[in-house]
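Participant: Each chain, letter by letter, is given below.
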Amino acid sequence: MTEQMAQPSPDKITVVSLRNVGKTFANSVRALDGFDLSVRDGEFISLLGPSGCGKSTALRIVAGLSAPSGGTVEGIEPAAGRVGFVFQEPTLMPWADVAANVRLPLTLAHAGNADAAVAQALRRVGLADFARSYPRELSGGMRMRVSIARALVTEPQLLLMDEPFAALDEITRFKLNNDLLRLWRELRQTVVFVTHSVFESVYLSQRILVMTPRPGRLFAEVPIEAPYPRDERFRTSAEYAGYCRTVSEALERATGAAA
Amino acid sequence: MSERFKSILAPLLTLGLLLILWEAAVRAANIPVYVVPAPSLVLATLVADASLLFGSLLVTLAITCEAFVLAAVGGIVLGVVFNLWRPVERSLYPFAVVLQVTPIVAVAPLLLIYLPQPLAVLACAWIVAFFPVLANTTLGLNSVDHNLLALFELYKASRWQVLWYLKLPAALPQMLAGLRIAGGLSLIGAVVAEIAAGSAGAGSGLAYRIAESGYRLNIPRMFAALLLLSIAGVAIYFLLAGLSHLVLRRWHESALQREI
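The listed protein sequences derive, respectively, from chains B and Y. Going by the working numbering, the letters in the first sequence line up with residues -13 to 245, in that order. Going by the working numbering, the letters in the second sequence line up with residues 1493 to 1752, in that order.
These are calculated hints, taken from the structure and not from any lab test. You may find that some hints are simply not true.
Claimed, not checked - Covered stretches of chain B (chain Y as the covering partner; in silico rule of three or more C-beta atoms under 8 Å from a C-beta of chain Y): (1) 44 to 57; (2) 70 to 81; (3) 103 to 109.
The beta carbon of each residue, even a glycine, is placed where N, CA and C say it ideally should be.
Produce the entire structure from the sequences given, and follow the hints as far as they go.
Facilitator: Quick look at the structure:
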């Protein structure tokens, strides 16, 4: 594999742009206030913030699952299949086998000849041999892989991930981190990754957007300029530790700023 | 000896022991047959009156099955309609509850006045059996994982796709639980209506045989008919439990065997 840099170049087009977006829920909780976000084509960014800072809400607004109370949202038409979403839980249909779960987006779009796409998505996440298994027969990590395969089956331009690995043990999480990076470098889709783990965000992203606690707004942006592919050596490098410190400090100030 | 075998053997042994005690007590105390007949006599009566009793059993079972099918279809269809159109649910659900909480024994005589008797019996059985199907279907359809709903929304699923691919399969365990209850209640409803009809002077179902034998002080036949009814009830329960297990065995917690 060639050692290629995957940094966003300034001329890349913007796929998602949120300006001055606010979100107030019916129970008058203000989740977001004056939130800005700009995502360029093909980049891997993380939204990092404490629990309840509105980062999941921001992601749902990007996906078109939730309407903002104010501000403007521009971006790729969230037409069926252009956006993939991975939830915190695997969110699989327990009554359907792995293949049927992965096929779901194509089934709903009445797409013919889905078999090849399903098989390829399963191969990509390393579950080719488990097409006929049921979700409950799989481990937590494997279920999350099915969820990722389902999001990838439509070959989306934009992949939104809402703390997908938060419930997994560390060994499984590291493995899935590496697989996710490999897939991203292979498929070149744009990824917006929501997490509350400093270490995970530094390992994965090109840019980290640190958010303040509720109401969430952008506090700082930290570019991670380490080259890809990143592997376990990167995880133990001084460079990685330095970025983690920078991001942790930003997070601390973001939390303090709102308190 | 496996746990499963033990759990079948234990109640059978208990039953055998009770029957022996019953038989011995009746013989030892010389209790007359019109007070308590011995189990052996009940069995002998069952054999002697077989053609009469089994004919009646078929009548009762036919009504039970008809009521069950109508309750299943009606309950599930209405549950789906309620889920798709909330105003319909708000308008009709209270009446379904009223229908359910009014004791069927009290309603049966009225139905027998307004409807021809076979239809009245069927209506009674249906009224009793349909509510658990409706209530469970409604509960099942409403308790779909909200993230899965969001996913369907993301992929622009139509409401029919949401119903067919998500809500109905998700509601299946609750629907089957409702059907299991409805099976037993269909039999109860049929029996109640037959007894009410029987006192009005007509009928040939098993419940009618019990009422008739009671008037004639034919206590052994009452026991024999009752035995048949119990067996029918147990059979219905196991049939529906088996169906439920068959449908859910691949994925639902209730149908899975755990390694301990």
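Participant: Each hint: holds or not?
Facilitator: Hint by hint, here is what the structure shows:
| no. | hint | in the structure |
| --- | --- | --- |
| 1 | 44 to 57 | holds (count 4) |
| 2 | 70 to 81 | holds (count 7) |
| 3 | 103 to 109 | violated (count 0) |
When held up to the earlier numbered hints, the structure conflicts with hint 3 and nothing else.
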